[in-house]
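Chains as they are written, first to last, in my numbering: chain Y, 1 to 437; chain C, 1001 to 1257; chain X, 2001 to 2332.
Any given hint could turn out to be false.
[Claimed, not checked] Across the chosen pairs, the derived CB separations fall in these ranges:
hint: 1; chain 1: C; residue 1: Thr-1096; chain 2: X; residue 2: Arg-2219; range: 32 to 42 Å
hint: 2; chain 1: X; residue 1: Lys-2018; chain 2: C; residue 2: Asn-1141; range: 47 to 57 Å
hint: 3; chain 1: C; residue 1: Asp-1156; chain 2: Y; residue 2: Pro-277; range: 39 to 49 Å
hint: 4; chain 1: C; residue 1: Thr-1028; chain 2: X; residue 2: Pro-2047; range: 50 to 60 Å
hint: 5; chain 1: Y; residue 1: Asp-399; chain 2: C; residue 2: Lys-1016; range: 34 to 44 Å
[Stated by the list, open to error] On the chain X side, residues computed to face chain C include the following (Cβ under 7 Å):
hint: 6; residue: Lys-2059
hint: 7; residue: Lys-2063
hint: 8; residue: Lys-2151
hint: 9; residue: Phe-2180
hint: 10; residue: Pro-2184
hint: 11; residue: Pro-2187
hint: 12; residue: Val-2188
hint: 13; residue: Ile-2195
hint: 14; residue: Ser-2277
hint: 15; residue: Gln-2281
hint: 16; residue: Cys-2291
hint: 17; residue: Asp-2308
hint: 18; residue: Leu-2326
[As the list claims (entries may be wrong)] Below, computed lysine to aspartate or glutamate pairings styled on EDC-like, alpha-carbon distance capped at 16 Å:
hint: 19; chain 1: C; residue 1: Lys-1236; chain 2: X; residue 2: Asp-2314
hint: 20; chain 1: C; residue 1: Lys-1016; chain 2: C; residue 2: Glu-1027
hint: 21; chain 1: X; residue 1: Lys-2032; chain 2: X; residue 2: Glu-2134
hint: 22; chain 1: C; residue 1: Lys-1032; chain 2: Y; residue 2: Glu-390
hint: 23; chain 1: C; residue 1: Lys-1203; chain 2: Y; residue 2: Glu-353
hint: 24; chain 1: C; residue 1: Lys-1222; chain 2: X; residue 2: Glu-2071
hint: 25; chain 1: Y; residue 1: Lys-350; chain 2: Y; residue 2: Asp-386
hint: 26; chain 1: C; residue 1: Lys-1158; chain 2: C; residue 2: Asp-1090
hint: 27; chain 1: X; residue 1: Lys-2145; chain 2: C; residue 2: Asp-1116
hint: 28; chain 1: C; residue 1: Lys-1222; chain 2: C; residue 2: Asp-1022
hint: 29; chain 1: Y; residue 1: Lys-82; chain 2: Y; residue 2: Glu-264
hint: 30; chain 1: C; residue 1: Lys-1203; chain 2: C; residue 2: Asp-1022
hint: 31; chain 1: Y; residue 1: Lys-365; chain 2: Y; residue 2: Glu-353
hint: 32; chain 1: C; residue 1: Lys-1150; chain 2: X; residue 2: Asp-2314
hint: 33; chain 1: C; residue 1: Lys-1032; chain 2: Y; residue 2: Glu-279
hint: 34; chain 1: C; residue 1: Lys-1222; chain 2: X; residue 2: Asp-2314
hint: 35; chain 1: C; residue 1: Lys-1158; chain 2: X; residue 2: Asp-2191
hint: 36; chain 1: C; residue 1: Lys-1196; chain 2: Y; residue 2: Glu-128
hint: 37; chain 1: X; residue 1: Lys-2224; chain 2: X; residue 2: Glu-2181
hint: 38; chain 1: X; residue 1: Lys-2091; chain 2: X; residue 2: Asp-2191
hint: 39; chain 1: C; residue 1: Lys-1196; chain 2: Y; residue 2: Asp-153
hint: 40; chain 1: C; residue 1: Lys-1052; chain 2: C; residue 2: Asp-1156
Calculated directly from the structure, the hints in this document are not laboratory data.
Backbone N, C-alpha and C define an ideal beta-carbon position, used for all residues, glycine too.
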Amino acid sequence: MAEKVDVVVVGGGPAGIACAYTLAKAGVETIVFERGEYPGAKNVMGGILFTNALAKIIPDFREKAPVERPVTKRKFLALSEKDALGVETGFSEFTRPPHNNNFTVLRARFDQWFASQAEDAGAMILSETVVDDFIYDDNKKIIGVKTRRDDGDILCNCVVLADGVNSLLAKKAGLRSDFKPKNFVLGVKMVLGLPREKICERFALESNNDGAAYEFFGSVTNNILGSGFIYTNLESISIGLGVAVDSACKLGLRPYELLDKFMEHPYVRPLVKDAEPIEYSAHLIPEGGYREMPHVFMDNVLVCGDAASFVNTSVYHEGSNLAMESGILAAKAVMQARGRGDYSAKSLMKYAEYLEESIVIKDLKKYERLPEFLHSSPHLFNNYLDLAIELAKDYFTVDELSKGERQKLMFKKAWSRVSLIQLMSDAYKSFRSFIWN
Amino acid sequence: MNILVLVKQTPDTESKIKLNSDNTAIETGDLKYIINPYDEYAIEEAIKLSEKFADSKVTLICLGNAALKETTETLRKGLAMGASDAILIDAAGLNTACPYLTANAIYQNISSLKYDIILSGMKAVDDDYSCVPTLLAGMLNIPAVTAIVKLTVSPDQKTAECEREGESGREVLISSLPALFSAQKGLNEPRYPSLKGIMAAKKKEIANKKAEAVSPKIKIVKLSTPPPRPAGKIVKGDFPNNVKELASLLRSEAKVI
Amino acid sequence: MKLDSKTILIYVEHSGSKVKKNTSELITAVKKAAPSAELTGVLLCVPAERAKLCSDIEKLNLKKVYVVENESFSIFSKENFASAVKAVIEKAAPALTVFSHTTNSSETAKVLASRTQLAIICDAINFAVYEDGEFVAVHPMYAGKIRAHIKFENQPGGIVTLRPNVVEVCETASGACSSFETVPFTPVSNDAVKIINVIADASKKIDLSEADIIVAGGRGVGSKENFKVLEDLAAAINGVVGASRAAVDAGWREHHDQVGQTGKIVNPKIYIACGISGAIQHTVGMQTAKCIIAINKDPEANIFKIADYGIVGDLFQVVPELASELKKLING
Ligand SMILES: Cc1cc2nc3c(=O)[nH]c(=O)nc-3n(C[C@H](O)[C@H](O)[C@H](O)COP(=O)(O)OP(=O)(O)OC[C@H]3O[C@@H](n4cnc5c(N)ncnc54)[C@H](O)[C@@H]3O)c2cc1C
Ligand SMILES: Cc1cc2nc3c(=O)[nH]c(=O)nc-3n(C[C@H](O)[C@H](O)[C@H](O)COP(=O)(O)OP(=O)(O)OC[C@H]3O[C@@H](n4cnc5c(N)ncnc54)[C@H](O)[C@@H]3O)c2cc1C
Ligand SMILES: Nc1ncnc2c1ncn2[C@@H]1O[C@H](COP(=O)(O)O)[C@@H](O)[C@H]1O
């Protein structure tokens, strides 16, 4: 006879651990199954953790958690083949605690720490254990999971699926349909070791308590939908890029080749020079947004984090934050259901209500139009970025032409590349997708 | 039958090992730990024996940093495989860079235990000394057979036949019991713990022990990293010209043929 | 522990009729570290071998050699051998006793350490004497990623084993050995452990860890039968065949052929890796080879990063061709 626990959480990422932590703290018997060698072993993330959700459950995380650097400086850069044009933020308030709740992290390190907090709270975390399937009772109700180990069945009252972007279990449970390439971005990333002083020097950071986050658009992804990033950790930098899976497939682009090229870009090269490759990884990001969200609850099952497509596709790239938030909310819903002794869909519906009231759904709704707009407007990444860079370059070029002559030429160039109508339409759609909706 | 198994936790063999700033120790912050791979063979063999002989008990013995969570994790892995008990001897304050000291600390804690067989790994993949088992057996005054690839205990549990790779071939030996055997690769295939085993192991108590410090016999003065191998060259050209070129390079440049 | 002008005892390893090369390695390493120390030797042999071995030892430039002869030495027993060396140590009181880190000698050294309470440093690759006069042995740790410089602490004497093949033997000016002293010895009969059989492996000519040339094959070789190609190359250049764990786990080779972390650490003059990707666990076992040659069809394979020479190609083409080319060279 298989053993029984209260709750099984599948996946030891931010979503699963936040859920298990919350449950364990409340004394609910919880077991987390993680496929990787340890929590964080298989996780890839650019590396900025928005810490609002974390602060809710571990208020003093800043002293305890292995965060790398606060993000005190941001840059947004458009790249063409050889040139770059960007804007930079430097808000002095962000250099002081709580640092705008933005920290770079290395997931392998952070997830292990986060998991150990959950363990200390009483959750059981079993690594190197894959959950393959559910156990059903005679009424086809889910009453447990099957793991890929001998004697691997375990019964439970409720299963929380936090198994990440390609949640096969959510599909098995009938909560989501087939995976469509257009809803995913493929991210590739490298961690490059670099001494602390060099990082401060290259990114113009005052101390090891400052950090930079650079986002890149344009040629970094071969001008298709996607972006690149460089984030500073304490003694390393994370560099990577994400490209829309469908366009990448269509164009036959290989992300790791793009990454190689990215690192060779004249703007990027001096930033990564002589850095020592430590780790390379690739991972999908669900970027379908609100419109592609699966069902997130059914009898005895909840879904949270990437498995539920809770990623904010905008410039914020927020995933880990929403993952934690949704994990906490799932735990709350489970605790309520437990109080009632009823884990049916009706009882677990509370989860959906919590989500609606939270930043998770509010943010996803706000950017609801974004994925579709971006997919339908490939020219945004092409025309405008290159043009903007060229124009800026023209503007700053010093030669025989008078300023007036030069600017006339610039306008001529601009209008030969985009029509006024097109520009206005794109501006309107961008405005609707990014800012007001 | 009572079986003791020596297990050590070692950094994962894939880990990058970095030295601290004054080259006296390695940076342990980011290290990922595993059971010393040879000790896994020892655990597996012990469990196999315990399955064969009724009323057997397998006790894991580890001298390690009790403050480190990974140390108990290592022992729990062994318990999950099927060991009955685990004893953790705290290494705090002991100079474990000295195998004599390690053996002595283990000796202090097991000399009063009942055992028929002690199993250990052939060597620990961190310090690569391969000395602890022989030194310990010397202290306990029991025979030690190292690097065994096969072990059969007689039905009366008085003797054990084992095999090891000697210089002139495979040696078959018979040892009286109690004895210590250190495990070489090839002894068995360590099992993948069952879910039931893991869950049971999580609930087991690990006994915490201490050892009196004795003075070390050897001391690490400093650590260094080996000089990197200079980059080699790919011999260019099409087959078979590249092979001809290689052959002549081996004679003219490398001077090894 | 300081060595200057003290006695150092060298354990003379031999094959019955000849002193082995690794004995000269010990002498070279010790001489380099402590030029003014007095070198003595200890020889264990059966009476019939004594004459031949002693004349071979003459070349070694040892001041004095303690000879223990006994019929019991015809079969290796670490307890018996250790107690013979112990008897010599009690007589000679050396500051340091040095063994080669071969299978039997290192076992003897460890038992000796446990019997004498002397400190032991196993598997050194180099000796040095620091400015303060302290003797230090360098021992690779963490699969060769780190080297530990180790000294004896509060010890009157110590034991060191030196990895074979890592020290380049210098031809020493032969100052013929003058004196031999026979040390009486009663063998210890070890009732606790008895060797009842030795199954000699006919295919095993030289132990991998002592081989000068190793031709090793990995998963790329594809089958047990295919190893014939490597055996032919090995035969052509007087080498032995080794293997990666992948090849051993597939059952194509015996466990004792495995090179690497859980196999043997080897230091040959030439190591030819065929169809081996160069995983860290493999390379730690062979990275100290003097000349590494890699044959792999994947130009990105890790093995090329540590190889002195590499050929990107199909081993089934390259290896036979290499065999015939090298044969031509060797036969003039
Ligand atoms: C290149 C890249 C850059 C990113 N940058 C950022 C960023 O800067 N900031 C940010 O907030 N977010 C970022 N994200 C997104 C962020 O990584 C995710 O949104 C976040 O990790 C989601 O957490 P999760 O717990 O839902 O899923 P995951 O972190 O993916 O965790 C799921 C876990 O479940 C395990 N698992 C899966 N299936 C099974 C199974 N069957 N059985 C057992 N275990 C299983 C997996 O091994 C994994 O550990 C980035 C993502 C990528 C790929
Ligand atoms: C704890 C631990 C201990 C280990 N100990 C050892 C050890 O002691 N020794 C050891 O070797 N491994 C050890 N390993 C395993 C090691 O990690 C690797 O898995 C192993 O070395 C791979 O063997 P391989 O190179 O033969 O196979 P692979 O990695 O599969 O490489 C095969 C190579 O052959 C090439 N190839 C294929 N066909 C051809 C052809 N026709 N011509 C030319 N090239 C071809 C391929 O390009 C490839 O590079 C250990 C692992 C662990 C976890
Ligand atoms: N600290 C330790 N705790 C328990 N067993 C150990 C310890 N150190 C070494 N051993 C055992 O001795 C074997 C050889 O270790 P070593 O001599 O350090 O190479 C290991 O495989 C272990 O079985």
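Hint check results:
Hint check: Thr-1096/C to Arg-2219/X, Cβ distance near 37 Å, so the stated range 32 to 42 Å holds. Look at Lys-2018/X against Asn-1141/C: about 37 Å separates their beta carbons, and that is not inside 47 to 57 Å. Distance hint check: the CB atoms of Asp-1156/C and Pro-277/Y are about 59 Å apart, inconsistent with the given range 39 to 49 Å. Between Thr-1028/C and Pro-2047/X the beta carbons are some 55 Å apart, a value that agrees with the proposed interval 50 to 60 Å.
Distance hint check for Asp-399/Y and Lys-1016/C: the Cβ-Cβ separation is about 51 Å, which falls outside the suggested range of 34 to 44 Å. The interface hint given for Lys-2059/X is broken, as the beta carbon of that residue sits about 24 Å from the closest beta carbon of chain C, more than 7 Å. Restraint check, Lys-2063/X versus chain C: the minimum CB separation of about 27 Å is more than 7 Å; hint violated. The beta carbon of Lys-2151/X is positioned within 7 Å of a beta carbon in chain C (closest approach about 5 Å), and the interface hint is therefore held.
A distance limit of 7 Å between C-beta atoms decides the matter here; for Phe-2180/X the minimum to chain C is near 26 Å, and the interface restraint is violated. A hinted interface residue such as Pro-2184/X counts as satisfied when its beta carbon comes closer than 7 Å to some beta carbon of chain C; here the least separation is about 24 Å, so the hint is violated. For Pro-2187/X, the interface hint is violated, the least distance from its beta-carbon to any beta-carbon of chain C being 17 Å, above 7 Å. With its C-beta approaching chain C no nearer than about 12 Å, Val-2188/X sits outside the 7 Å limit, and its interface hint is violated.
The closest approach between the C-beta of Ile-2195/X and any C-beta of chain C is roughly 5 Å, which is under the 7 Å cut-off, so the hint is satisfied. The closest approach between the C-beta of Ser-2277/X and any C-beta of chain C is roughly 14 Å, which is over the 7 Å cut-off, so the hint fails. Interface restraint check for Gln-2281/X: the shortest CB-CB distance to chain C comes to about 6 Å, inside 7 Å, so the restraint holds. A hinted interface residue such as Cys-2291/X counts as satisfied when its beta carbon comes closer than 7 Å to some beta carbon of chain C; here the least separation is about 5 Å, so the hint holds.
The restraint placing Asp-2308/X at the interface with chain C holds, with a minimum CB-CB distance near 4 Å, inside the 7 Å limit. At a threshold of 7 Å, the smallest CB-CB gap from Leu-2326/X to chain C is about 5 Å, leaving the interface hint in force. Using a Cα cut-off of 16 Å, the hinted pair Lys-1236/C and Asp-2314/X holds, with the two alpha carbons roughly 14 Å apart. About 10 Å separates the Cα atoms of Lys-1016/C and Glu-1027/C, which keeps this hinted pair within 16 Å; it holds.
Taking the CA atoms of Lys-2032/X and Glu-2134/X, the gap is near 14 Å; set against the 16 Å cutoff, the hint holds. For the hint linking Lys-1032/C to Glu-390/Y, the alpha-carbon distance of about 49 Å lies beyond 16 Å, and the restraint is violated. Using a Cα cut-off of 16 Å, the hinted pair Lys-1203/C and Glu-353/Y is violated, with the two alpha carbons roughly 37 Å apart. Only pairs whose Cα atoms come within 16 Å are accepted, and Lys-1222/C paired with Glu-2071/X is rejected, the gap being roughly 44 Å.
Taking the CA atoms of Lys-350/Y and Asp-386/Y, the gap is near 48 Å; set against the 16 Å cutoff, the hint is violated. The hinted pair formed by Lys-1158/C and Asp-1090/C fails the criterion: a straight-line CA distance of about 33 Å is larger than 16 Å. The hinted pair formed by Lys-2145/X and Asp-1116/C fails the criterion: a straight-line CA distance of about 37 Å is larger than 16 Å. Among the hinted pairs, Lys-1222/C with Asp-1022/C is consistent with the structure: their alpha-carbon atoms are about 8 Å apart, no more than 16 Å.
Between Lys-82/Y and Glu-264/Y the CA atoms are separated by roughly 10 Å; this keeps the pair inside 16 Å, and the hint holds. Straight-line distance between C-alpha atoms of Lys-1203/C and Asp-1022/C comes to about 41 Å, which puts the hinted pair past the 16 Å bound. Only pairs whose Cα atoms come within 16 Å are accepted, and Lys-365/Y paired with Glu-353/Y is accepted, the gap being roughly 14 Å. Only pairs whose Cα atoms come within 16 Å are accepted, and Lys-1150/C paired with Asp-2314/X is rejected, the gap being roughly 37 Å.
With a C-alpha separation of about 15 Å, the suggested pairing of Lys-1032/C with Glu-279/Y holds against the 16 Å cut-off. Between Lys-1222/C and Asp-2314/X, the direct Cα distance comes to roughly 44 Å. Violation of the 16 Å bound is thereby established for this hinted pair. With a CA separation close to 13 Å, the supplied pair Lys-1158/C and Asp-2191/X stays within the 16 Å bound. This hinted pair checks out: Lys-1196/C and Glu-128/Y have alpha carbons roughly 14 Å apart, not beyond 16 Å.
For the given pair, Lys-2224/X sits about 52 Å from Glu-2181/X by alpha-carbon distance, which is inconsistent with the 16 Å threshold. For the proposed pair Lys-2091/X and Asp-2191/X, the alpha carbon gap of about 27 Å is over 16 Å, so the pair is violated. Distance hint between Lys-1196/C and Asp-153/Y is fulfilled; the C-alpha atoms sit about 9 Å from each other, no more than 16 Å. Distance check on the hinted pair: Lys-1052/C and Asp-1156/C sit about 12 Å apart at the alpha-carbon level, within 16 Å; holds.
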